[in-house]
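These protein sequences, in sequence, are chains X and R. Numbered according to this note's numbering, the first sequence spans residues 13 to 340. Numbered according to this note's numbering, the second sequence spans residues 13 to 340.
Hints should not be assumed to be uniformly reliable.
Remember, identical chains collapse to one label, so a pair may be satisfied in a single copy or spanning two.
[What the hints assert, rightly or not] Taking lysine-lysine pairs in the DSS-like style, the calculated list, with each CA pair at most 25 Å apart, reads: (1) K17 - K62; (2) K197 - K278; (3) K15 - K330; (4) K124 - K307; (5) K124 - K313; (6) K180 - K233; (7) K333 - K124; (8) K333 - K313; (9) K313 - K73; (10) K310 - K124; (11) K330 - K124; (12) K330 - K278; (13) K227 - K180; (14) K330 - K180; (15) K313 - K330; (16) K230 - K73; (17) K73 - K307.
Think of the hints as simulated: they come from the structure by calculation, not from any bench.
2 protein chains.
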Amino acid sequence: MEKIKIGIYGYGNLGKGVEIALKNNSDMELVGVFTRRDPDSIETIFDDTKVYSAKEINNMKGKIDVMVLCGGSATDLPVQTPEIASMFNVVDSFDNHANIEKHFNNVNQVSKENNTLALISCGWDPGLFSLNRALFEAVLPNGTNYVFYGRGLSQGHSDAIRRIKGVKKAVQYTVPYEESVKKVKNGEDPQFSSVREVMWRECFVVLEEEADSSKIEKEIKEMPNYFEPYNTEVHFISEEEFNKNHIGMPHGGFVLRSGKTGENTKQIAEFSLNLESNPEFTASVLVAYARAVYKLSKEGKTGALTVLDIPIAYLTNKTQKELLNSTL
Amino acid sequence: MEKIKIGIYGYGNLGKGVEIALKNNSDMELVGVFTRRDPDSIETIFDDTKVYSAKEINNMKGKIDVMVLCGGSATDLPVQTPEIASMFNVVDSFDNHANIEKHFNNVNQVSKENNTLALISCGWDPGLFSLNRALFEAVLPNGTNYVFYGRGLSQGHSDAIRRIKGVKKAVQYTVPYEESVKKVKNGEDPQFSSVREVMWRECFVVLEEEADSSKIEKEIKEMPNYFEPYNTEVHFISEEEFNKNHIGMPHGGFVLRSGKTGENTKQIAEFSLNLESNPEFTASVLVAYARAVYKLSKEGKTGALTVLDIPIAYLTNKTQKELLNSTL
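Construct the complete structure from the given sequences, taking the supplied hints into account.
So, in structure tokens, the structure goes:
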């Protein structure tokens, strides 16, 4: 059987995750990585991965079934997704929740005009968490949704610390309060009056020589929006310890709905993730959905989609007979 | 806007659950309950619920958008689903895993011939658990699935105890071992050599007067298939205590996949339910999916489906704009 031909556009942590994920899916093959950097400067995870200049994608029309877009949501994807969707079926992980509708409409127009299919905002949030928010609300209309993140690395908050003068390296973990999690999971339906009750922020910082730790700790804790609204702990550690314990990108969290069916019948549904590598997991979601995009495009579907529009059967490479007998 | 017209076929715990669930869904209305018993003998939950004889369904063609079938899987649904799918769009909760393919094929043929749409094997297992099994396997192809049930009431095992001479009332709860659950949730990927390591069975029994408790306890614990393969605890209680604490039908459990993306990157995904009423929750799932069946049938879709074939967007009564802005 012919394999599904995948391209990776953008080669950061997410792009590397897609390269890894494809090795777990024998019905798919990687045509190559497309980068705006000098292709010769790129070190891929696997030796047999081909690297092309982003400029070459025009020559790849018809040679790639689905292009997985691995750029960032702030500036890359709003431009790249419509541009590339004019040539290829695409999957992106656009995660700026406030702008999803706008992005959807932009991409939908281009895809319809060019008979391509584009799945936007895939990953875990938005993505699998969205799927469960919609499912839970439909099944338990009378209820409350809770979303907790962590324990996990926050890229944005880590960056914010690294911008402080005197900081050499830093990571920030978002940590939910066990107490609050327990209340939610027990179905106590707590009302949290501030984010301070839900999660706290734990920072591990390596200082430049002669930096003033107490000054830096204060600067972190008082940083508006990023840290001021939260309880924050700052640990100063050696570079050695940092390199040993803090280079992974763990994350996770859960969506939980606490609802009632009858007047006093409590029902709780939860979807949770515990991830050692956020980018590798997100990439695995993108790859499973790339299979769905491939199948749907073969059926003639065009335009923009979200995960809410795709039946789960399209994600698998099992036959209907297998699904009926072994999965249902 | 016109409401979706629902019929309930069969009026046991599940049918009552559907009656309750419809009150939480303002875009749907209950046309009536259809029963094989004398309609006058039926006490419905809500006063305004109409009850018809099952024989009258022939006169209801065109007056019901989706018939929710609430019979049992052993003998009712294999006959009823194809029969009623010849006249109406239907949703059933057929849960005999070994026979799902056969049931699907029977129903598919009738539905195609009669231009109706039939969703089979809906609920939570099969149903939402199936959805997550398929999703998890697609996203983490390299991994292991775990399914735990409980703490929850097992109808079959409760019935088995009640058939013992000298037993007046009985319930049996399936209880997972905390230790085993913890290993699974920690990603330790335990291999269980027998069901005895996974769950145990807790029984609450009210005896007839002068029954021999030690003889009955032995008979329960040694019952082949039902109790012999498990660790079983038997508590003899008063009828008063039974009626106070053991008339609910709680259940739940989880599907968890422990997988790897890169060579050593552990990723865990979990879907779990904690239900005070198993039939009311199952009914709520059937009702949300009845909405999807209605929408899909309006699009001209016919034949048999499972939950794996239906996009989650079809379950909700939100517009696409609302989903893009508030759910994704």
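Each hint tested on the structure:
1. Within a single copy, K17 and K62 get their C-alpha atoms as close as 13 Å, which meets the 25 Å cut-off; across copies the closest is 56 Å, which misses it.
2. Proximity of K197 to K278 under the C-alpha cut-off of 25 Å is found in both arrangements, the shortest distances being 12 Å within a copy and 24 Å between copies.
3. In the homo-oligomer, the alpha carbons of K15 and K330 lie at most 25 Å apart inside one protomer (14 Å), although the nearest pairing across protomers, at 37 Å, exceeds that limit.
4. For the identical chains of this complex, K124 and K307 are neighbours both inside a copy (17 Å) and across copies (23 Å), given an alpha-carbon limit of 25 Å.
5. In this homomeric assembly, K124 and K313 come within 25 Å of each other (Cα to Cα) both inside a single copy, at 9 Å, and across copies, at 23 Å.
6. Taking identical chains as interchangeable, the C-alpha atoms of K180 and K233 lie at most 25 Å apart only when both belong to the same chain, with a minimum of 17 Å there against 65 Å between chains.
7. Taking the shortest alpha-carbon separations for K333 and K124, only the inter-copy value of 18 Å comes in at or below 25 Å, while the best intra-copy value is 33 Å.
8. Taking CA atoms no more than 25 Å apart as the test, K333 paired with K313 passes in both settings, with 24 Å inside one copy and 20 Å between copies.
9. Taking CA atoms no more than 25 Å apart as the test, K313 paired with K73 passes inside one copy only; the shortest distance there is 18 Å, against 34 Å between copies.
10. In this assembly of identical chains, the alpha carbons of K310 and K124 lie at most 25 Å apart whether taken from the same copy (15 Å) or from different copies (23 Å).
11. Taking the closest pair of Cα atoms, K330 and K124 come within 25 Å of each other only across two copies (24 Å); inside a single copy the shortest separation is 29 Å, beyond that limit.
12. In this assembly of identical chains, the alpha carbons of K330 and K278 lie at most 25 Å apart only when taken from different copies (24 Å versus 36 Å within one copy).
13. For the identical chains of this complex, K227 and K180 are intra-copy neighbours only, at 15 Å inside a copy versus 73 Å across copies, given an alpha-carbon limit of 25 Å.
14. Proximity of K330 and K180 under a CA criterion of 25 Å is satisfied in neither setting, with 49 Å inside one chain copy and 48 Å between copies.
15. In this assembly of identical chains, the alpha carbons of K313 and K330 lie at most 25 Å apart whether taken from the same copy (21 Å) or from different copies (22 Å).
16. When the C-alpha separation of K230 and K73 is checked against a cutoff of 25 Å, the pair qualifies neither within a copy, at 54 Å, nor between copies, at 72 Å.
17. Proximity of K73 to K307 under the C-alpha cut-off of 25 Å is restricted to the intra-copy arrangement: shortest distance 18 Å within a copy versus 36 Å between copies.
Of the numbered hints stated above, those contradicted by the structure are hints 14 and 16, listed in ascending order.
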